[in-house]
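Asker: Each chain is listed here by its residues.
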Amino acid sequence: MEKYVLEMKNISKLFPGVKALDSVNLKVKPNQIHALVGENGAGKSTLMNVLSGVYPYGTYEGDIVVNGVTCKFKKIKDSEAKKIAIIHQELALIPTLSIAENVFLGNEQSNAGIIIDWHKTKLKTMEILKKVGLKESIDNRIKDIGMGKQQLVEIAKALAKDVKILILDEPTAALNDEDSDHLLDLLIELKKEGITSIIISHKLNEVTKVADEITVLRDGKIIETLSKGIDEISEKRIIKGMVGREITDRFPKREHKVGEICFEVKNWNAYDHMDESKHKLKDININTRVGEVVGIAGIMGAGRTELAMSIFGKAYGKKISGTILKNGKKLHLHNVKDAIDNGIAYTTEDRKTSGLNLIDDIKGNICIASLKSISKGIVIDANNEIKVAEEYRKKLGIKSPSILQKTGNLSGGNQQKVVFSKWIFSDPDILILDEPTRGIDVGAKYEIYSVINKLAEKGKTILMISSELPEILGMCDRIYVMNEGRIVGELNSSEASQESIMHCIMQSH
Amino acid sequence: MKKTNVLIKGNIRQYVMVIALAVVIILFQILTDGVLLKPLNISNLIAQNSYILILATGMLLCILTGGNIDLSVGSVAGFIGALSAIFIMKMDMPVLVAIILSLVVGVIIGMWHGFWIAYVGVPAFIATLAGMLLFRGLTLTALQGTSLAPMPDSYRFIASGFLPDIIGGPDGINVLAIVIGIVSSLAYVIGQLKIRIDKQKYNFEVTPLKVLIPKIIGIIVVVNAFTFSLASYRGIPMVLVIVSLLVIIYSYITTKTIPGRHIYAYGGNAKAARLSGVNTKRVMFWVYTNMGFLAAIAGIVFTGRLNSATPKAGVNFELDAIAACFIGGASTTGGVGTVIGAIVGGLLMGVLNNGMSIMGISIDWQQAIKGIVLLGAVAFDVYSKSKSK
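Which chain is which? The protein sequence lines are C and H, in order. Using our numbering, the first residue of the first sequence is number 24, and each one after it goes up by one. Using our numbering, the first residue of the second sequence is number 337, and each one after it goes up by one.
Some hints here could point you the wrong way.
Quick list of the computed label-pair ranges, beta carbon to beta carbon [said to hold, decoys possible]:
1. Y538/H with H357/C: 29 to 39 Å
2. G707/H with D86/C: 46 to 56 Å
3. W701/H with K97/C: 55 to 65 Å
I should point out that these hints are in silico values taken from the structure, not numbers from a laboratory. Where is the CB? At the ideal position from N, CA and C, for every residue including glycine.
So that you can see chain C by itself, here it is in the shape it has in the complex:
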């Protein structure tokens, strides 16, 4: 019999009205990277929350066996005692504390009692940082370091507790390619030191690259477990398991009808919101045509979001200079309302913190940017509002029992559809989409791409920011490459490739 470091046997978990997990059996071999994949709502996170004690023993059915011992985790501390640590998508770091303080948070190093031994803390932190390959002063505060480094601090924090099983929920979702590679290399490195990793990920290219075993979940059930060297491991194969059918083309086809130049940004400069001495956007010149999908590629921190937001009614930046032309006419956009009134829409990169009002329902979120069009004077026509919301729910296929559902309770893909509904309803000519498919599953991505295509076919102009190069390459007619606040390249879809985009970025240094 093979030995497993972890076995989850017949795990079932009920939520009111939904069976999130249905007799799931997960077996993880020691010193491996085990990937857990599936569409949103398939039960990946629920399963890991059961394992780590977020859902205590008794709220689910089945057994958890760690190294042959059946465990009953009542709280997270119990699972930590068994050397299991979970790193959530939303990092659990304190922004205002230093790296060293964060690494040993809740696990403070003391000689006696409650007095912290800072000497020991710092020495140990330095040791662990070296292990995870983070070159950063241990006294730097979390808020001053990038997302990629923060992710490494999270791992360092887990290592400080001497974990044997490391669970990572979407560890690379917010990272650029370089940081992602570093993180994945680190996991392979840790494998050699006897640490087993379980990663939940939507990025199938990464999964196929590093995972030794891949378990596919769909609708709360395990569909299959693929092992490297035994089964065929390919993105296509995994997607088939995830969605239950084969997606032949990840990007839907579009009828290209690109027209005249309709939107131009010229000599655009902006300085940092907080620090006016930081020149964030430098002499940017871009244009887009009617019915065109234009991509903006670049690594994190290139200034893409800042560019989009500064165009969108100066929602970002100080001392902004430059001109915006729409159909040859100069626009004066002083605030977001001006931008909306002039037919510009912007979907934010983070729908939860800045895209939606999560405590409001679908209806309220769809209408908030265009209340005037459903009102007489300042009085909102409630029935008209319902009609509009129902129309968009059908049109974009938002899956929910009703338009009165709170958006906080929707899955990522459906939330994004609500965001899209809101902006399509505002009837824009130019849509700036910032990471439109971040953190949503393959099926929902396809639906979002179809919506984008439909908009372009109708003659709208799409400016799409994305960190996923395949998406940019698959969707865009033309691609701008941005780096360090400048446009460093412009490529037509025929000449664009991952290599040519990276080439533009590297050359600009």
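Starting from the structure of chain C, add chain H where the hints point.
Answerer: Same frame as chain C, now just chain H:
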């Protein structure tokens, strides 16, 4: 059936508070041997709580913007009361002019707070704490430590007057009150019917009749019993007219208009609201400006009821108004709450106070019990939210 359940679940807090209010009323009706609901006492209850209800209406808007509160309202109410008394007694202004001028000053004070909070970015807690100290100090200075009394009759009419019985009827019965009760019931029924017809026109789901009809009948019975009871005392108090109008207007603004929607959107997610074209600074500015206006009304009502302007007028009003909002289901993080809820919360505290006073329980105990009620209501809210997750 499932839909109704969802509907009830979503509004459970409001229903619970209405039920709690009914329970408290019945309880004290029994404990006070029926004194609580005597016509005279009902009139009293309204007058006693009117200024808190007015303040709670404005406070709710502040809280909706993200759990921001206005600590200055008690001091501002006191200051405006003093100012109006000075206008009338020291400067010999006509009452109407004095009142209008006082309201204008209230609006300016609100703008003062709104300016610091919205455009300078001083946290609301600090800006209004400063306002609380500032206007208390100005009240003391203006009155030079003494009270101004008595107020003219026309001024007092606002707080303790009654709508005159212009219809006339048998002795001891105010027919106007009964008529108003009937007319408002009719208006309510017509309004409900109109909503229903509109919804049917669009083929939307409507509240099932078996739910709607008992609800309408219930409300008609309560309203008419209430106005009939008032009719058998001295009729409809002026303050009831003021409070009712304010409640109707602010309920309408918050639920049916664009500015109202902007307030909720701001409280729900300020960043998302801003990126949806909501002028968040302007929302904040007007919410606090409005609070100044309502604090001024409350100040005038209170001064009229007391029949004097005193340096201590309005002390701790802000706390009662804040408590009313939270008891009435407002969220401490903003974006959730209703004007009606705040009124129900205010009435709940008012009935507790009044009932305990009739029973002879000391004011010290009343304070303590109010504290427990506030804690219990919010704890229940937190608990039911964590359950529903």
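Asker: A separate judgement is required for each hint: does it hold in the structure or not?
Answerer: Hint check:
{"no.": "1", "hint": "Y538/H with H357/C: 29 to 39 Å", "result": "holds (37 Å)"}
{"no.": "2", "hint": "G707/H with D86/C: 46 to 56 Å", "result": "holds (48 Å)"}
{"no.": "3", "hint": "W701/H with K97/C: 55 to 65 Å", "result": "violated (42 Å)"}
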